Each structure stands twice: as structure tokens, then as C-alpha cells.
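Protein sequence lines, in the order shown, are assigned to chains A and B. Residue 236 is where the first sequence starts when you use my numbering, and the numbers rise one by one after that. Residue 236 is where the second sequence starts when you use my numbering, and the numbers rise one by one after that.
Read the hints as simulated data drawn from the structure, not as lab findings. Keep in mind that the hints are not guaranteed to be accurate.
Put simply, identical chains are the same to the list, so a pair is met inside one copy or across any two.
As a list, the in silico DSS-like pairs of lysine-lysine whose alpha-carbon atoms are at most 27 Å apart [said to hold, decoys possible]:
(1) K302 <-> K508
(2) K291 <-> K836
(3) K297 <-> K462
(4) K826 <-> K297
(5) K291 <-> K826
(6) K445 <-> K811
(7) K598 <-> K445
(8) K598 <-> K811
This one's a predicted model, so the numbers in the text were calculated from it and none came from an experiment.
2 protein chains.
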Amino acid sequence: MSEQGNDLNLNALFIGDKAENGQIYKALLNELVDEHLGWRQNYMPQDMPIITPEEKSSESFKNTVNKMEDVLSEISSRMRSHSVPWHTAGRYWGHMNSETLMPSLLAYNFAMLWNGNNVAYESSPATSQMEEEVGHEFAHLMSYKNGWGHIVADGSLANLEGLWYARNIKSLPLAMKEVTPELVSGKSEWELLNMSTKEIMDLLESVPDKIDDIKAASARSGKNLAKLGKWLVPQTKHYSWLKAADIIGIGLDQVIPVPVDHNYRLDVNELEKIVRQLAAEQTPILGVVGVVGSTEEGAIDPIDKMAALRDVLAKDGIYFYLHVDAAYGGYGRAIFLDENNDFIPFENLKDVHFEKGVFTENKNYILEEVYNAYRAIEEAESVTIDPHKMGYVPYSAGGIVIQDIRMRDVISYFATYVFEKGADIPALLGAYILEGSKAGATAASVWAAHHVLPLNVAGYGKLMGASIEGSHRFFNFLNNLSFKVGDKEIEVHPLTYPDFNMVDYVFKEKGNDDLEAMNKLNHDVYDYSSYVKGSIYGNEFLTSHTDFAIPDYGDSPLQFVNQLGFSDAEWRRVEKITVLRASVMTPYMNKAENFEEYAEKIKVALQEKLEKIYAEKLVHSAH
Amino acid sequence: MSEQGNDLNLNALFIGDKAENGQIYKALLNELVDEHLGWRQNYMPQDMPIITPEEKSSESFKNTVNKMEDVLSEISSRMRSHSVPWHTAGRYWGHMNSETLMPSLLAYNFAMLWNGNNVAYESSPATSQMEEEVGHEFAHLMSYKNGWGHIVADGSLANLEGLWYARNIKSLPLAMKEVTPELVSGKSEWELLNMSTKEIMDLLESVPDKIDDIKAASARSGKNLAKLGKWLVPQTKHYSWLKAADIIGIGLDQVIPVPVDHNYRLDVNELEKIVRQLAAEQTPILGVVGVVGSTEEGAIDPIDKMAALRDVLAKDGIYFYLHVDAAYGGYGRAIFLDENNDFIPFENLKDVHFEKGVFTENKNYILEEVYNAYRAIEEAESVTIDPHKMGYVPYSAGGIVIQDIRMRDVISYFATYVFEKGADIPALLGAYILEGSKAGATAASVWAAHHVLPLNVAGYGKLMGASIEGSHRFFNFLNNLSFKVGDKEIEVHPLTYPDFNMVDYVFKEKGNDDLEAMNKLNHDVYDYSSYVKGSIYGNEFLTSHTDFAIPDYGDSPLQFVNQLGFSDAEWRRVEKITVLRASVMTPYMNKAENFEEYAEKIKVALQEKLEKIYAEKLVHSAH
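Working from the sequences, and respecting the hints, build out all of it.
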């Protein structure tokens, strides 16, 4: 691994698990605050201060400051008593959270003092410009040639916005038939509902005077919603997709889950079957969601195969909108882009990663199917990507990217499109997005992250690498882990080889073929590794958990369940498996020596938890 | 005005227009940061720091810190060059923004270091608890007996969530007819679509085992959307209502604007006419929006009369859901609540306000019709209220409140309702709201504000009072203002007596009866009072502007246009009036001596701007 002085050192970008960089943080914070205070002081220096020294000496002033301090004290106590130590280098192995980038924290703190509102350029010239730049950076990350993006409050809303795009675009040909029939003459309703997004955008662009009338007759009018067809999401579907279908008015009855394989990735053969069956009934497909980094498994759907299927179906006159939900995994694409924003050939990937210090070891961490899936994201119409997940930016910062900037006119308000002079920044961003008022500080925060860590292999790629390598260490560790408690032997089994940086795993008592008992054991481990059993601050190992149940997952978990030694019948009886779940976001567990230090501690902590659990069992069975 | 030492002193709660309290801010900030750093250092003290002194001395570390400083420098320069001086005591008279509460800034900065995510209790125990408390505080502010509320990213989304509630609730009786017909036997479709929210909630509660099936057949399924009827919003409608109707799938074709009177308040007679006409055609009313603090005028719709109309209509079997969009004016309700959370009788209001220091002068500032409107908010099903507007909390912090906590089960996900043990906090808040991931820091920020300034006349009431009194001073100032430029006399005319704290106004050249010319003049004043003409930092008077055009406003502006001396014909010819607009949020302009100091400066600045505008006119006409 190269360690040239010009390389980015990730350890300089976090406050640190032991606040090692706390003084750097404080120094920069104070400098920035001073710059803001100076700005206030020097604004119209001819104006005298309103708050006088006399007033500041008054009783009411002092009492109010005291009151404020009391309130802040209570907040401090509550925060310190009941917060999750995401910052730890190696004791938190649960939800997708970790400490966040120092430059983002600082930029947020600083920009917040101005309280800009990015809903309108006028309310936030500086941060509106930053959000526009971030949007283009997102588009470059997806290799979109003519894309656009913006920050969204969170991934659920970005998904909803993606569905809004799909719904309104899909309805445009029907609107054209009503408003400008000559534009789509000769097309059947089926053909109108199977036009590609590009065709639709081209047609719309060809009639600039009619755009407003066509939009007014689109799905936004309330018409034709029932005609637009089905919305297909992988079986691993995050509940935000159900909410989105509910809210957008197409309805849950139109959501069809697509089975996933035993790696929890969308099964493209099943997808094709469903699509062809629907087409045979003349039911259109509104769109299909591919997930890049599923919430519970970190699985990466085969976006390449989904895009290829779309090409095949096109020959049969079938089209679907493709949205990639990369809320979690989106920043992962940086690992594949070189400093010229070109996608690195797979055969060079391992060497480039080692050379650039993405991984500390010269190993193949990235599966070729994952590589192919990432590459094909550029073929999707829209992508959800959350800076507050793998962007290591503090909450709330989600994002959406669209492939074709023209798409934004389909959901926009106001007949006259007003832009900032000399720029392509909308004067009123709120008219082009789902949300209204939004913190300018968020844009500053994401912008700071992107400008310290460019969205390629030399920037964010290194951070992604640290997380991925840490997850592989954890995976290998678990793979060889077992415990003895009394006369019981308890083995640990990871669920799948990680597509990205998530490791699911179970504890199994050897020789016990009761799946329900195993589920109970894992739930107990979770209870002892979370807030459920008291102080989080004092807990030496923390994790999260999830259930895979037949109603949602079908038989996808069966292969794993069988491997554990449970029969098909036992699976049908219990109908679910409880697994523990670690999104390995800590940036510190990539180095072997760091990991090994914590591995020992984790072992001890788990041994202790298991002993408590089995001791409790004995007590219960004695009663 | 009382000035006891125990009173809150608002001047202690802001950094100050000249950063007068900058050192207090810094001291508290550093204390809090130290508390956080100490928390990290003392977490598992047996773990050695990962980031070593050796590493911190490395070239790559130093270079990375330098890179971070470069990026922060650029952000600092951009922020200082292109931000709006909301913090000024008396030079910004435009958009609804001002400096924000110091306790909120501090709480945000602090809580952000933990990066809690309020989507789930597990990810943010401390701040989830704070959000739950804030929700109940919102409910008390609206005098809801059994209400609930939560923080939303912004008012547009809160409005969308309100419409989501209305849509899904309205559809429940149709779903009951399908799933549990015995529950609604004998009711016609018209009757089903005119049941009150309370009746519907009571019925739903009566069949606990059927709730999930009924919900599954509700509007969330995609069924019956077209049957739910019309959504009525005042003519002053914010575009967020159009977006919401688009997104929620009922469609823009179902949005009916209700005319406003010449005070820009919803005309309840017109509302009744529309409702009765729709009812005569058997078209149901999905719901009606009342606005408390319209975006462009600060107008307060007569919520009391709307609620009374609903009672009258009930006798004729007509019902509509009532949502109050108090995104802007919601916190204003604090001015009417005493310290026991009782609504202060109108006859006592003036004296209580003077006694509590809400106003510096013992005057009638609050109109009785405004008082009545605020009081009646408790009769609405849901209310939008934005802490980041009149809550003086930094972006982004919106909010929604519901009258009946049972309503949240109508939009919730997951069959099993999981709550935190011993509390009524949902384990997964994301399943009960529109959004997903959300910053815990926002909750800390709003909580801090509410706990320093309770939501009654002695807390937020004082802050509201400072803003309202400042707006009256500005109104009176403009009312008597005129300028001489060469041989022209230019008079200023405020639009209406402020319902709340907003003052719209126009410049008019005396004797010039060309409305187009007046619009141009006002647009020029705006250009010279905004970023359009260069540096905002150096501009001595800043304001915002808006247009009232016939397509949106009908003839509501005509009375004002006539008063200015323009004929009806001239109004029909030009079809719009451009007005300047000041949301007076500065908390410093309530005191007479402060205002007078700035009034002189504003006069001078405006004189200068007008002279430039008229000089340019001459140049143009000479060419």
C-alpha cells in the first residue's frame, strides 16, 4: 500500500474514537465561529449594538442565561446517558451509523449560523450554489452525461420522489394523446404506456408551447393513475417503498414483490417471468426498483442484468422505468471511478485499490457481479443516494439523482421556468423537488465532504474501502468463532459473503435442531447487546438484529437454514429466522492490528453475554 | 411593562445583531463540545486510542488537515460573500427569516456530535424522547386534549402529511363497507363519505382485529381515490398545496381555490357556496385548508367561522376534514395561552400582554377576529407548525400536530404496533410518519427552544410579541412615508393592517395612474434592495417582493388598487400588482427607540435607491 504524503489520511477526518482529534475540531470550530462573529460585528459598522452592556448586567438577562444553561445541562445529561457510541472503533457492530466526517460537522455548524434556506436562491445564495454543485457531483458519480441531482431530507423521501418521477413521466403519453394527439398518433394505449423515458422526454421537448398543457393532463391531474401499472420491488423491500406507493396514490395493491435469491439479491429470472406475465395480461409495468445495499443484508441487486432485461423486453414493446435505491450503497460507486471519472476495468481493480490504499491488503474484496451491478447504475433513470449513510455526513442528508436533467420539468411547478441569471440554478428549487424549506447548512456539510474526499477511488473510495475491508475482517472472524458455555457448544455462522459492508450472522447451539430456540438465542444476544438490557455506554459489544420471515422473504433463507442443519419442515413450522446484523461502517477496522485488538475483546464480551443467557435459561427451567 | 428579574430577557437568547452575545455563545459551545469529547474519551477507558501521536505527526495526516482547512476556508469565504444578513436588527425587511435562538443552535451543534437518527428509538434514545415531548408540547399549544405531533423536515411535507391523513381517513368508511359491512350498514355512499373523523376513529377502534384489513382496503391500496372529492384551499394557496395534491394522487383537478376577501383571508361565505354547490352535485369534500399566516400576506383565515360552518353543514349531512396550515403562524398561538395553558379571555388580553412584557406599549395589537381564529384551531383535525419559522429554530424543523392520537394508526405501517416499554414512544417512528431517517439534533434543537421559552404568554408569547410589535411600528412608519425625487413625489402605502407580523407595501408615484409603471417601480425597488444589484452585505435596506395576479387572486387586490387611485379598467388591463413584502421577524424592533434609530436609516437608504431608479429612467428615456 502506498503511503505518500499526498495521500488522504482518513484518520485526520474524524474526531476519533477517543477524541484524538478533539483539539483540532475545537480549534477549527472556534476559528469558524470567530469568522462568523466578525462578519456580524462588521456588518454596517455604523449601527450601534442593540444589546447594551447595561442590559447584559441586568438581573433578567443573567437569569435568562442561567435558564438557558439549565436547559443545556439537561440536554447534555440526557445525551450522555442515552446515546449510542457510534464513534467507537470496534465495539459497535449494528445499525448503519458511525462517527461522521469532521469537515461536514464543522461546515454544518458554521453554515447554520447564517440559517440559509435552500428552497430559494434568494434566501441562500452561497449554499444554493453548493447544493447545485453537489447535485452535479452526484450525477458524475453515477456517470450520467446530462444528469442532475439535489439533496433530500432522507432516503424514504428520495424514493418517494423517484416514484413521483416515474408516475408522472409514465402518464405523459396518455396526456399527449389528450392534448396533442398528433404527437403520438397511431399508438395504442399499450404502446403509449410502454414508451421509454427518453422517447417521452424528446417528444415533450419538441413541443415547448404545449408542455404546460401536457403536464396539466398528466398524472398530476389525478387522472389515469389506475392505468399506469405495477411497481416492482425486490422481496427485501424496505417499508419506505410501501409508504411511497401509498402516498403517491398508485397504492399498495400495485406493488409486486420480486423474489430474491439466497444471496438476497433480486432474481432477474423471476423478474422477467413477472413482467412477461403482466404483459400477457396487458398490465403495464410502471417501474422496477433495484436495491444497491439492502437495509437488512447489504445485498446488491444485479442492476446490469435488470438493465439487460430491459433491452430484451424493448424488442417486445415492453418498457419499465428503473429506479436504483442506493440510499445505502450509492457512495460505494466511488470505489470504481478513477481520478478522471472513468470506470476502472475490473481486471485492474485489485491493483488500483492496493496502490491507492483503498485496502491495506492486496486481496480481491469486490465480487465481479457487484462490480457489474455498480457499473450499470448509469442506465437507471434515477437513483437514491444518502450522504448520511455511506457519505459519513451527519443526519439529515439524503439525495436523489436523475439521468436526464429534462426530467425535472415533468414534476416542476410554475409555467415560467425562472433560473438564476448566468447559471442553471433554479431561482426556486422548491418548485422542482418534493420538499420546501431546507437547511442550507446541509448543503455546506455535504459539499465539504465531497471537496475533502472527491467521489472517486482516491477520495471516498478510500473511506468505502476501510469500511468494506473491516466488514471482511468481521466476516472471517465470525466464520471461525465458537463458544463453550457449560457443556454447550455455540457456533457463529455468517449469513452470506458480504456484497458490500454488511455482515448478518447467527449464534447456533450445536446439536440443537429447534429453529425457534435458535431464534430465541439470537434475540437474547441482541437484548444483551443493546439498550434493552440497560446502559448502552457500559455495554462492551453492541449489535442490531432483524427477522427474515416467510411472508416477506419466501424461501430465500432456506438454503442458509438448511446449512445450519434445520430441516425444510422445521423452517415451515417456525416460518422465520432471527439474525444479528452488523453494518460495518467504522473506518478503523480495516487495519489487521486494530481489528485483532478488538476481536479479542468482542470474544470476551460475547462469552459473558452467552453465560448470562444460559444462566437465565437454567433459572427459568428450574421454576 | 414589568421588568422583574424573573422575566425572560429575549436579548439573552440571540447571538445578537453585533454578536453582542458572541462570547456567551462561544463559552457555552466549548463547554458542550468538551462534554462530548470527555464522553468519547471516557468510553471504555481500557481501549487505547486508534489514532496515535505518531500518525498525527505524519505527512499524510498534516496534509489532510491542511486540505480540510482549505475546504473550510472556501466555505467561509463563500458564506461571508453570499449570505443574507438576517441577523441585522433593522435592515432586513423581507423573507420570513431572522437570527435564531442561541439555545437551539447550541443544542443542535451538541446533539449532532452523537448523530442520532430519530427514525427509531434504538438509534437515538435521548432525542427520540425529546421529539415525543415536543410532539405533546405542540398538542398542548393547540389545546388538543388527546393529540400528538412530531417534527417534520418542513412545512410542505407537513402539509403533504396532513393531506395523507385526510385522504386515508376519508377512505376508511368505504373500506369498512368492503371489509366489515356490518359496521356501516344502512349508510349510503354519500353518508360514508360524510362521516366525521371522530365517528370513523370510534368505529375503527371498535374492531381491533379488523383494523389491518380495513386499512389495507383504504386509499392506501390505490382504490377509491377518485371518489373522495375535492380539496379546498384559499386562493392565496401556497404552491406546496398544489404539489401535495399532485403527489398524494388525488390530483390538481380536485383542488378548488376558495376566494379570499380584500384582507386576503378566506371568505367563508364563498366557502359555504362552493361546498353547498358541490354537495348538490353529490361531490364530497375531502377537506378544507385554513391558513394561519399566509406566505405572502401573513393573513389569518377565519378558522372559527370555518369550524362553525362545519357544524352547520353537519346538520345537512355534510362533513369535511379541516387542516390548518399554520406553518408560519402556529407559534403565534402561544400569545393567547396563560401559564396554565388556558386560553386568555379576549377582554383581558391587552392587560395581560402589557403586564407580561409581551408588548412594550399598552395597546391593542391583536384583532378580535384574529384571536377567534387562533382559538378555533383546536377544532381542526391537524395543524402544520414550523419551528424554523416563528419558532426561531434553525432550518430544517417543521412540524405537524394531530387532534386525535388514534389518527396515527391510520397511516402507520406494520401490523404489530411496537412501542417502547413503559412509554408511548413508537419504537420505529418512521412507520408512523412520512419521512424515514431524521436528525436527532433537530429534536434537541426544538426541545431546547421550548424549554427555555415555554409555549405560552410568558415564553414564546414574548418573542411573538416582539415581532408583532415591530411589524406595527414598520406599518405605521410606512403609512406616513413619502419621498421627493426631482419633481416627483413618491408615497408609500401598506397593503393591510397586519393580522400577524407581515407588512406588504407599495411605492407609488403621485399622479401617475399607470399601474404597470407602479409595478415596474416596485420591482426596481426590490432589485435595489436584494442580491440582484450586487453585494447583499453592503446593502443598507433589504426587502422581498411578490405579485398578486388575477389568475391566482381574482379581484381581492382591487379594493387596494382602487384606493391607490387606479381604475377597474386599469386593473383589468395590467392584471397584477407587484408589492414589496416584509415578514418582520427581527426581535429587536419592538422598542420605540430601536425602531426610530433604524427608521431614519431606512429613509435615507430608500431615498438613495429611488434616486438611482429615477436617474436610470432618465438615461433610458434619453436613449
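These are the hints, each one checked on the structure:
1. K302 <-> K508: Neither, since 65 Å and 52 Å both go past 27 Å.
2. K291 <-> K836: between (53 Å within a copy, 26 Å between copies)
3. K297 <-> K462: neither (65 Å within a copy, 60 Å between copies)
4. K826 <-> K297: Only across copies: K826 and K297 sit 20 Å apart there, 51 Å inside one copy, limit 27 Å.
5. K291 <-> K826: Between copies only: 17 Å across chains, 53 Å inside a chain, cut-off 27 Å.
6. K445 <-> K811: Classified as between; 24 Å across copies, 54 Å inside a copy.
7. K598 <-> K445: neither (57 Å within a copy, 55 Å between copies)
8. K598 <-> K811: neither (35 Å within a copy, 69 Å between copies)
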